[in-house]
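Just so you know, the protein sequences line up as chains A and B, in that order. Using our numbering, you'd call the opening residue of the first sequence number 2 and step up by one each time. Using our numbering, you'd call the opening residue of the second sequence number 2 and step up by one each time.
Among the hints, erroneous ones may be present.
As the list claims (entries may be wrong) - The following residues of chain B were derived to be distant from chain A, with all beta-carbon distances above 12 angstroms:
no. : residue
1   : 3
2   : 4
3   : 8
4   : 26
5   : 51
6   : 55
7   : 96
8   : 272
What the hints assert, rightly or not - With a straight-line cut-off of 27 angstroms between C-alpha atoms, the simulated DSSO-like cross-links for lysine-lysine are:
no. : chain 1 : residue 1 : chain 2 : residue 2
9   : B       : 233       : B       : 55
10  : B       : 173       : B       : 206
11  : B       : 277       : B       : 100
12  : A       : 54        : B       : 173
13  : B       : 233       : B       : 173
14  : B       : 173       : A       : 56
Derived from the structure by calculation, the hints contain no laboratory data. No residue lacks a Cβ here, since even glycine has one placed at the ideal position from N, Cα and C.
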Amino acid sequence: MIILNPKLFDEDVEQIPIRKGFGEGLLAAGEADDRVVGLCADLTESTQMHLFKNKFPERFVEIGVAEQNLATVASGMAAMGKIPFITSYAMFSPGRNWEQIRTTICYNNRPVKIAGSHAGISVGPDGGTHQAIEDIAVTRVMPRMIVISPCDALEARKATIEAAKTDTPVYIRLAREKTPVMTTENTPFEIGKSQIFWDGGKKSQVGIIVTGALLYKALIAAKELADDGVSVKVMNLATIKPLDEEAIIELAKATKAIVTVEEHQIAGGMGSAVAECLVGNYPTPQEFVGVRNQFGQSGTTEELLSHYGMNTEDIKKAVKRVIKRK
Amino acid sequence: MENLTDDRIKELEVTANNIRQSIIEMLLEAKSGHSAGPLGMADIFTYLYFEGLKHDPENPNFPERDRVVLSNGHICPVLYATMAHAGYFPIEELKTLRKFGSRLQGHPHRDFLPALETSSGPLGSGLSQAVGMALADRIDNGITSSKRIYCLMSDGELDAGNSWEGAMLAGKENLRNLTAIVDRNNIQIDGYTENIMPLEPLADKWRAWNWHVIEIDGHNFEDIHNAVNQAKAVFENPTVIIAHTIPGKGVGYMENDYKWHGVPPGIQNMEGEPAKDDQGKEALDDLRSIGGQIGGYHND
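Chain B extracted, bound-state conformation (with noise of 0.2 angstroms):
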């Protein structure tokens, strides 16, 4: 494995910034949506669709590829913006999200845009939908297979059976070819997870179940891209990256606060926000000014 050079971190994070610019714009036009997740992990989307993951846009399922399981669907405006600059589709159909007709369903949905894997919404069952691939993977190319499934889920949908039940079947497996990634941002939509229902000691869990458990700051492209690593060289085990996100990422007035979990900006006015009429502008400011510390790129 090679380290990220300065130079290539720079243009990840650059890109990163333009896909939650492209989130701010999407919400903007829906009027309805997720605001805080998307952002918080618009880092380790821009790290798989731009680096990590072996993919095609161009042939989006040649049966060779790495499989990405969104689980908690209704994060999509962040899948469907990182896919958009990586060239799925175009990015000016991103203003289309939710819209009668549209590819870009309010959850995603295969039938409308078929280079998902998978389509999701009802939490906690992204997870054993990739064991079941990770296992397919295994019956049909052993336990050395290049091949890697990844599922990106929320520490909140850890609250269902469901999720549990696949993290034991995983570990009792050894599904080596699995890497799940738990944005661990400490809110869903009623309130901060350990007040809805407590997660900790959630590295211990996972462990228990037998899984390799790789802790990092999901917003740091050289933790994310090691850890993405680490996971494809442990052998006996599925690994877990636990990444602790900002929920809001680079949008100040929305970052930790769970109250934007559900909603869009510009839609209703809310104690100590700004007011809704400057909330899309404030949150592009945000961004933009974010991008021009990163420097030396030019936006989209």
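This is chain A alone, in the form it adopts within the complex (with noise of 0.2 angstroms):
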């Protein structure tokens, strides 16, 4: 069983920004080897990109608001044997320079590394322009392209560090808001390596599969579904590509249903990705909690993951509904 934070269920629980994670993460992978370069489009303390600048100004490049050249000019700094790490919001990157992405770093096979801050709903009051909540979607439909959704900070600061060491592209999908600490320094992280977080033991009756900030609300339901004598067990799938096949194949084997959240569209999402695995290996009923074909709108985090179906009740009638289909 996994180390979690013991203060996970208590209403103090630590809470930080994803984002700033990936900021510590990139300082150590920086100070780790000076291949890593920093590029970043016109947001860098608002990527916490400005740790890795200040430390190491003459690796940083800032490129202004231009997120194709931002992808294109990393490519070119990889192609000379650097690593480069890029960043902006998700919707601008990898969403307005999706084809760059593709055919100079992924076509190209150059190791840039992609951060995406602001991903998912959570934004909140930006409003529906600034919430990425496609990009999961358009990242893992390229080949060579690693994609992680990290579910707190402290598991954002490891994927960035180990981020650094792979040869190939990765996009790291970030969250905005201040994210309640689930991990702890010693929890393991492994790229392609999912885990359990909560497990019902042998009776759990439905797999519950959550990618990033959402596993908070997965576990605080499989917590309130316990007390109604509902066992279930919730696994924390940070590396949505590659994904963890045999890890997915065992949970939907142990409880025979699953439900996928993720603060994404279902289309093309971490759920989806899920379904393609396991109707090829083992076929299960599924639902998945994720927003439905619409875009998004200004409201606080709560509001909004109450308003497209993402919260802890979703989550829950989710698994009653599963149980049913089963």
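Join these two chains into a complex; the hints should help.
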């Protein structure tokens, strides 16, 4: 069993923005390897790249509001042996610069690391233009791309350090809002490996697979479901690609019912990846918690998660629906 | 810098003519691909690979080489033909262009031909990659690096915002190790550039982004030689060489005609052009005739 934050369910659980973990991870990666360079599209502090910039100004490039340039300049730097990290909001990178990422990074086989901040609907008041809820779909579809969506700041730090060590393109999905810290310094992280964060034991009726910060909502749901006499397992699927197929199939076999939870469009997202895996290996009833073919709007995180059906109550309802389909 | 001797210029002209003949032969075999741009850029490619570049066909990836980024990937027949004539791979292999399993993909792909610096095709992204290379080189080797990054690009792709994003950054960063060469042939697929999306005053636009601008006749080896070397002497700015070229250069019926941008000879009859079955022969006849006028050298 994975060691989690002992204060996980306390009201005063520590909350840190996931992007902050990225900033710390990039600084650590930069200290470990001088080939690491940082490029940013006019959002240096917002994406937490300023920690790296302040320490290594000679290895930082300010690109300005030009995300297509951000991706292509990074490709050129990678061609000369650098390990570039590029940051902007996910809506603009990998949103606006998708083709440049496909051709000059993935097709070109250059190990550029793309950190998309402010992903998901929880960005809140900025409204629908700034809420990237398509980014998992557009990145996981590209050959060679690794896609990671960390659940909290500590995992984001570890994921960033590991991403720097890979020789392939990586997309790291980051949320803006403060997120409860679920893991600890000692919780292991390995690209491509999922973890069970809540285990209802042999009588578990549903496997809940979550990527990103909604993991916290799923853990609350699991706790409340247990109080209602419903046992589940909750999987943290930080790496969406390559998919931990073995563990997902094992979870499906153990529970015979799956609920996927993500702050993303259902079409093409993590749930779709899970379904692609299971349908060919172990067909299993599955319910999808995510955005249903809509754009977001302004509001608080809690208002938006409830409105678009991704809050704790929605996860519990999905669990009950899928049990009926068994 | 030494001037090119008359004999050296003649050698380069003969090589360029042979490369043009290879381009026509490749396109006839492939039955698809672009004609005008490759023929127009043959002199500049010849100059770079036979005179100006630090490169080694026997050891294509040696770290200290100059870098050539071909941004408008669709003119790859001239890149492939030049590389073959320079010794990167057998000239016979040129006939595999665009065929299944060929190293010579329809647009360049490093997976298939690792001697390429970049894969390309989608327009407007090459300059920024060259800018990234120049930035990385400066981090590693400082502002006096002897390495040069060349970006070969078209005028049509200057419609794309990504091109100007790269130009702006290079100007901001004073990338003296970067030379862009724009093929100013005034055509793109839909017509003449100034009708599709006017680019003039083109030199002023580059100057406004802090570039050193040189305008040359892209078919004159002395011009090319002087411009490439002048760029190395400019300390404060990146340099753009606006090379005025004739699309379809060397093949009479193709010259300056935008209809030959994206089609090969021999597959369709076009108004005012030779019959399709005669197009290939006529193109090669034109080029051999020019080769004869240059004189004194045999084809490969």
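These are the hints, each one checked on the structure:
no. : hint          : verdict
1   : 3             : holds, 30 angstroms
2   : 4             : holds, 33 angstroms
3   : 8             : holds, 37 angstroms
4   : 26            : holds, 28 angstroms
5   : 51            : holds, 24 angstroms
6   : 55            : holds, 15 angstroms
7   : 96            : holds, 25 angstroms
8   : 272           : holds, 36 angstroms
9   : 233/B - 55/B  : holds, 13 angstroms
10  : 173/B - 206/B : holds, 14 angstroms
11  : 277/B - 100/B : holds, 22 angstroms
12  : 54/A - 173/B  : holds, 18 angstroms
13  : 233/B - 173/B : holds, 18 angstroms
14  : 173/B - 56/A  : holds, 22 angstroms
In this structure, every one of the numbered hints holds.
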